[in-house]
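This is what each chain is made of:
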Amino acid sequence: MMFQKILIANRGEIAVRVIRACREMDIRTVAVYSERDRASLHVRMADEAILIGPPPASESYLSIEKIIAAAKETGAEAIHPGYGFLSENAGFAEACERSGIAFIGPPAIAMHLMGSKISARAAMKSAGVPIVPGTIQPILDNREAFAIAREIGFPIMVKAAAGGGGKGLRLVNAEAELESAIRTARSEALNAFRDDAIYIEKFLDQPRHIEIQILADSQGHVISLGERECSIQRRHQKVMEETPSTFINDSIRGRMGEAAVAVGRACGYVNAGTVEFLVDSRKDFYFLEMNTRLQVEHPITEWVTGIDLVKEQIWIAAGEALHFSQEDIRPRGAAIECRIYAEDPYNHFYPSPGKLTVLGRPAGPGVRIDSGAYEGWDVPLEYDPLLAKVAVWGNTRGEAISRLRRALLEYEVVGIQTGIPFYQRILRHPDFLLGNYDTGFIDKVLREESMGVDESPSTPPGSLEEGRLVALMAAAVHTLHNGGDSKPVALTGETPMSRWKWAGRTKIFDRGGSR
Amino acid sequence: MGGTDEDIRQGGLPLKFEAYFDDQSFPVEIQESGSRIELRINEERYEADVIGVSLGRYSIVLGGKVFDVHVDAPRSGEFQVSLRDRRITLELVDPRKLKSLRHRHADSGGDLSISSPMPGKVVRLLVAEGQTVEPGQGVIVVEAMKMQNELKAPRSGTIKSLNAHEGKTVNAGEELMVIA
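If you read the protein sequences in the order shown, they are chains A and F. Those letters in the first sequence? Residues 1 to 515, by the numbering used here. Those letters in the second sequence? Residues 1 to 180, by the numbering used here.
Bound-form chain A, shown alone (with noise of 0.2 Å):
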């Protein structure tokens, strides 16, 4: 039986893709909200909404107990977590289990076997498919963790079993760092996980990191809907995605898709899942990990192969066959995302929360936008910092590629700042051009950029370049026409004059792991 209505546990760009599917499905929908999400669009899109609570995430998005409570007050009879927040909580699946709800993800025991590295890894070699070569049991004594590290060969990595975003991860490089890098990740990995178990691997430089998109029902049928290269990442994060990897052929391509669906029947997965893998120099690839539910970068997927996602999760979720067989997933053109977040390139990408005062969207062949945002809402500090993704479609890479600065150029954006001036110099970047990066390729961009700040193009001393002329035609117009425009600010120790500062943002910052 299809459901009638469905509650989306979520907010922001995810929960406003959630409602299109449904909308378009005829099933209506149920958004819930915290006290400062009132005025955000999905509350606004959906059919009903329940107010779940206080700002904090911890107390609204995450509460288990009031998701449920707003589920059973609106007669919902499925709930779709989106990413994030409570996407991958075994314990929130069978919740939904004990109320009698659907949920619309993969059964908690795929989701418990995949949410420990350790107990992943060791499932994973037992099904033939390749894993980082390294340890499938948690490491019990040093002896042992020397011993093996000497038989993989350094570098090799330290990580913690219950790890994620970058928490107790120690990179090893000869064995007299070894003993240290036990005791701290270790201790860090007690501290963030409470679980101090630790394994070992071997370090892959710089590797390309491709992920492999499936889908399984509850009759056992399982296919591969092909990769998506995530290798563009700033701090452990994906900026960028595309599809079809220029690193891969279609070899390869096929091996992947069949250890990804080989992944998918060892943990007894249903529903729409990605297969994480590292592929090294050599094209040897590996599984990282397994993303139990839909990822951020979904829409390339949705626009080479033509399948609807959020809708095939809703159909499996109801116990539905797939409606497609593996000959039927034929990849056609080339797609990108880049995604959008509230975010200042110019000043060490900070944070750019606040009033989005002119919002204008790019549209024409070829582009998508999922934003949950719009023009006059204020982005809140409280939650993620993705305000949008823009996704394009094309015939060749090559022309996806324009089509992609053409929308980013169309995209106009007041109020906050964006990531949008740096695609543009990634899309211009001659080995993003080539098809040429690995995971390190923002920080080498970063690096060129951080040389390259704002100087005039060669011009004689006293005259003045085109660019800066517009901008001093621009600010003198301004200034006429807001009376000096001047709120003041007070002075501070810094040099007024901001230069680029996209590299070198030395302090610390963690947004949390990457999806």
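Derived by calculation from the structure, the hints in this document are not laboratory data. Where is the CB? At the ideal position from N, CA and C, for every residue including glycine. Warning: the hint list may mix true and false statements.
Chain A regions said to be covered by chain F (calculated; three or more residues, Cβ under 8 Å) [said to hold, decoys possible]:
id, stretch
1, 353-365
2, 371-384
3, 417-426
4, 474-482
Across the chosen pairs, the derived CB separations fall in these ranges [said to hold, decoys possible]:
id, chain 1, residue 1, chain 2, residue 2, range
5, A, SER119, F, ASN171, 45 to 51 Å
6, A, ASP195, F, GLN148, 19 to 25 Å
7, A, GLU466, F, PRO95, 52 to 58 Å
8, A, GLU35, F, GLY110, 41 to 47 Å
Based on these hints, arrange chain F on the given structure of chain A.
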């Protein structure tokens, strides 16, 4: 210059500025007549057609080329002008009245103010009033959008005043403390 803004808008007297870029500065005269803008820089004349399309957003036609730009004025006299993939910071200073911000800064010497680089919430205060700090020592942690940013003392000194407490919501540029 005896004219008011109104005179200028009607094509009256030119307005004079000193324009400062990162590594250049120019004396500028500007005259506006409808959407026609004329700039004089030294002996050069530049003309453009400039219209406002929305708050802070301008469409400029200069020598037949079209520019769509956005102007932010974070502080009096300071402008951040966003072009397609470039942002240019400049200052316009009335040569008779004001010293450039950078000169004012240079004069301020002595006390050093620490301000928030972004809007956010103070999640941890790591120093107390009267405490001495070393260069590089963390003094306060501001959080926004799940990112924590620890601000550090740029030099040694004593915390002279403290304008922040844990849980306080702060704006970008808001002074958090002064190091003497």
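Between the stretch 474-482 of chain A and chain F, are there enough contacts, at least three residues with CB-CB distance under 8 Å, for the coverage claim to hold? holds (count 9)
If you check the beta carbons of GLU466/A and PRO95/F, does the distance land in 52 to 58 Å? violated, 25 Å
Is the listed coverage of the stretch 353-365 of chain A by chain F valid when you require three or more residues with a beta carbon under 8 Å from a beta carbon of that chain? It holds: at least three residues are needed, and the stretch 353-365 of chain A offers 4 whose Cβ sits within less than 8 Å of chain F.
Range agreement (Cβ of GLY110/F with Cβ of GLU35/A, hint 41 to 47 Å): holds, 44 Å
Examine the stretch 371-384 of chain A: at least three residues should have C-beta closer than 8 Å to a C-beta of chain F. holds (count 4)
Can you tell me whether the CB distance of ASP195/A to GLN148/F sits inside 19 to 25 Å? This hint holds: roughly 23 Å between Cβ atoms.
Within 8 Å of chain F (C-beta), three or more residues of the stretch 417-426 of chain A: holds (count 3)
Given a hint of 45 to 51 Å, does the C-beta separation of SER119/A and ASN171/F actually sit inside it? holds, 47 Å
In terms of the numbered hints stated before, the structure departs from hint 7 and from no other.
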